[in-house]
Amino acid sequence: MAVQSEPARVTAPGPGTGGDAPEGPAPVAGRGPLSRTAPYLLLLPAVAATLVLLVWPLTETLLLSFQNLNKRQLILHLTEWNGLDNYRAQLTSGEFWHTAGRSVAFTAVNVVLIMAGGTLVGLLLNRLGGTMRLLLSIGLILAWAMPFVASTTVYTWLFDSRYGVVDWFLDQLGWHGMATYDWYGSQLSTFFVIVLLIVWGSIPFVAFNTYAGLTTIPKELYEAARMDGAGATKVFTQVIFPSLRPFFLATTFLEVIWVFKCFTQVFAINAGGPERLTETLPVYAFVEGIGNQHYGTGAAIAVLTIVMLGGLMTYYFRIVLRQEEEL
Amino acid sequence: MKRQLIAAVGVAAMVVGVAACGSSAGTDSTAGGSGDYKGKTLTVWLMDGSAPQAWQDGIKADFESQYPGAKLDIQIQKWDGIGQKVTTALSEGSVDVLEIGNTQTAGYAATGGLADLTPFKADLGGNDWPANLNASAVQDGKQYAAPWYFANRVVIYNKALWTKAGISGTPKTLDEYYADLDKLKAAGVQDPVYLPGEEWYTYFGLVAGNGGGLAKQDGSKWVGNLESPEAKDAFATFRKLQGYSTAPKDKDEATPQQSTLFPKGTIGSMIGLGWEAPAPKDMPADQVGFFPLPGKTADKPSSVFLGGSNLAIAQASKKQALARDFLKIALSDKYEGQMAAAGDVPNKTSLDSLASTDVAKAVVQASANGATTPNIASWANVENDPNPIKGFLAAVLQGADYDSTAKKYDDEITKRLGQSQ
Amino acid sequence: MRRSVLGRGWPNAVAVVLFVFFAFPVYWMVTTAFKQDRDIISRTPVFLPLHGTLEHFSRATGADRFWTMVGNSLTVTLAAVAGSLLIATLAAFAVTRMRFRGRKAFVLVIMMAQMAPWEVMTISIYMIVRDDGMLNSLVPLTAFYLMMVLPFTIWTLRGFMAAVPKELEESAMVDGCTRPQAFVRIIFPLLAPGLMSTSLFGFITAWNELPLVLVLNKATGPGTAQTLPLWLTSFQTTFGDDWGATMAAATLFAVPVLIIFLIFQRKAVGGLTDGAVKG
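So the protein lines, in turn, are chains A, B and C. By my numbering, the letter at position 287 of the first sequence is numbered 287, and the numbering carries on one by one without gaps. By my numbering, the letter at position 412 of the second sequence is numbered 412, and the numbering carries on one by one without gaps. By my numbering, the letter at position 249 of the third sequence is numbered 249, and the numbering carries on one by one without gaps.
So that you can see chain A by itself, here it is in the shape it has in the complex (with noise of 0.2 Å):
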């Protein structure tokens, strides 16, 4: 359901991949007038694009978020300006600040599973023989390309109290204490499910990435290392790691936009449940704007997701900024 949520299914090198390479001073083409407004031609359609598309919309947003507009006012059209109420409203209640607190981790606990895991598994593609290596990628690539709604409804069901797979496994394997567990009975075993299906969606991405880039490292880099009577755990943090720094940086930074995002899946396991406990910011603001129509509210959530999600994020935009600068 949720298109940025979405854990971007790409193998790119990263956005910051290219921000340090280029040396030098770029190459300035002509000195005639057209050449000083080449760039601006270039970058017409996409200002255009974002202003008419996003810009636009997103303005309507904080527009609707200082009004009181549900069902009626949708329906018949109407302003009603209510100032800061929705604002109001938030910051005063304490299901915001909790859901607030508990989106934050549980982005920090899937980005860290996810970068960990996927960059283990990067590791291990690069280590494998051409055979196994292409068993492995087949995985990640289904486990990749599978819909959203799919995926989410087969792991309601692999989860099943009576008829999961996950608990008849569990039972074979002689824990029958879990012949018929409930996983969705408590907040802390629905997120164990939620966060199984995001780290499982969004590995093959880091992982395909972390493959890609160990390929372009030189070997002799790694047989420097070697020689020096480097182990494993010092290869990777005196070789991979420092060659690899802006990818790392840049899906990071791309996997804490997704997850903080992620709507469908926390969404679809448990709707939020049991007792409202597995809510994150983006469930939340659906439940109170789109689901009980109260568009207002959820604008103005909406506005304080992307505030706190700005914040979290200024470290990362300034070392970016930094790069920029040395181009």
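Because the hints were derived from the structure by calculation, they are not lab data. Model, not experiment: these values are computed from the prediction. Treat the hints with care, as some may be off.
[What the hints assert, rightly or not] Which stretches of chain C does chain B cover? Using the computed rule of at least three CB atoms under 8 Å from a CB of chain B, they are:
id : segment
1  : 27 to 41
2  : 215 to 227
[As the list claims (entries may be wrong)] As a list, the in silico EDC-like pairs of lysine to aspartate or glutamate whose alpha-carbon atoms are at most 20 Å apart:
id : chain 1 : residue 1 : chain 2 : residue 2
3  : B       : K85       : C       : D39
4  : B       : K264      : C       : D39
5  : B       : K407      : A       : E95
6  : B       : K232      : B       : D36
7  : B       : K281      : C       : E55
8  : B       : K408      : A       : E95
9  : B       : K264      : C       : D37
10 : B       : K85       : C       : E55
11 : B       : K318      : C       : D131
12 : B       : K221      : B       : D233
13 : B       : K240      : B       : D140
14 : B       : K407      : B       : D175
15 : B       : K281      : C       : D39
The beta carbon of each residue, even a glycine, is placed where N, CA and C say it ideally should be.
Given chain A's structure and the hints, the job is docking chains B and C onto it.
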């Protein structure tokens, strides 16, 4: 899917029976001749799975021949995101007539998006609508929709298992039902009654049967009422019934679909809608029986949640008269009769006799005690996911203390009922 | 000796376990689509659908206007991806190869644009489209899908483009090529893997999008402008979820994505190895 299958069978059976009833919609109350209809297309939204295909085809043909030149465009809407779809459609004026669930009607009536049908009530046949079926279509004394069809739950039971457990006949009181369930249990039936903990419709019926409600009016505002003695007493019954089930306490009847479990032969009985009964290919029809959920005393069955749909006209529609003409045909005995024959409760009791199947008979019998949710605009908020009634049932069934949990969820219900419109 | 066998043994074992971990849910989806209803919900899992049925597939493809929706989905998705690649290539070229005032600001905007909360913006987008009388059309849908993937596309292509050594371009220009010619002949071929991998992202995003099309295109009659995600979720209804049909539909829904992957993946990964050396 099954629902449509059953519906289709029902329709085939009734074509002969009801055709004689004729159409009373022939008289045209709209001013102007047939020329006015040229090029007019009436857009009607029906929900997925509600009207049988034969109903749609028949009404299209009848409508277009009665109003020459006019076209009827029936659009079947899926349930996903229906709230947003209806709201936005009403804001556009892109739909003329639409089906709205009875618990949602008050909410939309209050928005001003539905046309006031009060002056036309009699003309639409409104004098024959029973008060309990019409209640949800009325808001502040005004008629904002017309009752179309209703459905309520009955007990569906596996006759083979009941015979095996040595039970003959069907229970007339709850105590007799408990006794039967005990026998089924003794006979080794896995689920004497299959009842998931979040199946709140049954709980709702039990509360209504005690004369209570899940919400009550407190001065000028509505508040949650799970703390009331009626609700608590109903919960005891619900818990006792649920105790006969291995169904999950924190899931509803659709996860997994209880209708797919029943044919497995491990379920003695379940509380469900007519369409949830197994299809003949899954279980022989003579092995499946139906009875209304019994009440505390034998004189009347338990109260049930009365689900259903109303037909309304969008205020923004520019074809009000034509839309009413369509309603007249849809609500006529001919087409209401088709709904009744398909196993739904029709909007007038005179058509109840068309309920010919066992399941339809049980449904109609139970519907006499049907109760609906509070007829207030904000009720729809309560049913939005995550539905606090479901959360409450799951929590208490899993061991939470009744009173304090009821208080907590009453607060949530109160909050939702008080949300600004 | 022992050490090396062991050393080679465990990665293979781990790879097999991981393969099962990643592939099993997909396997479960596909096999479920072929299972009869009574095997789908079963206490002892049925791992091989020996008594398979195509019933779910025929139900899924027999839905009203299925083929119209297939056409709509393909049109919207391909148009959005092509459009965003074109716009992004121009922008990425400007950002990586030219110096001008406002470049940094533009990069910052592109970064922040990735945080756009599209799900919650649905209602403002709806109001804009409604007031412009563009409902039930593929045009606004294509435009907004294009925008959803544009920031990521620009950002990623910028990385790829920066990785192409400038010397190549310069030497081409020394050889008498104009700048556009140098771009088309030198950079563009090297950019192919980047274009492919970003189009994968775009394809998946646009292909899966639901909240927007749900409110923009509600008309279901002939000539409907609805897309496949609406069809995919239509098997989950208030009357209950039709698991078999959902899984069959999901399987069919995933097929185009898998095909695109199979075409692009090898090249994209392989290309990276050659192209992104400077990373």
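>> For a quick check of understanding: which of the numbered hints are violated here, in increasing order?
In response: 3, 6, 10, 12, 13 and 14
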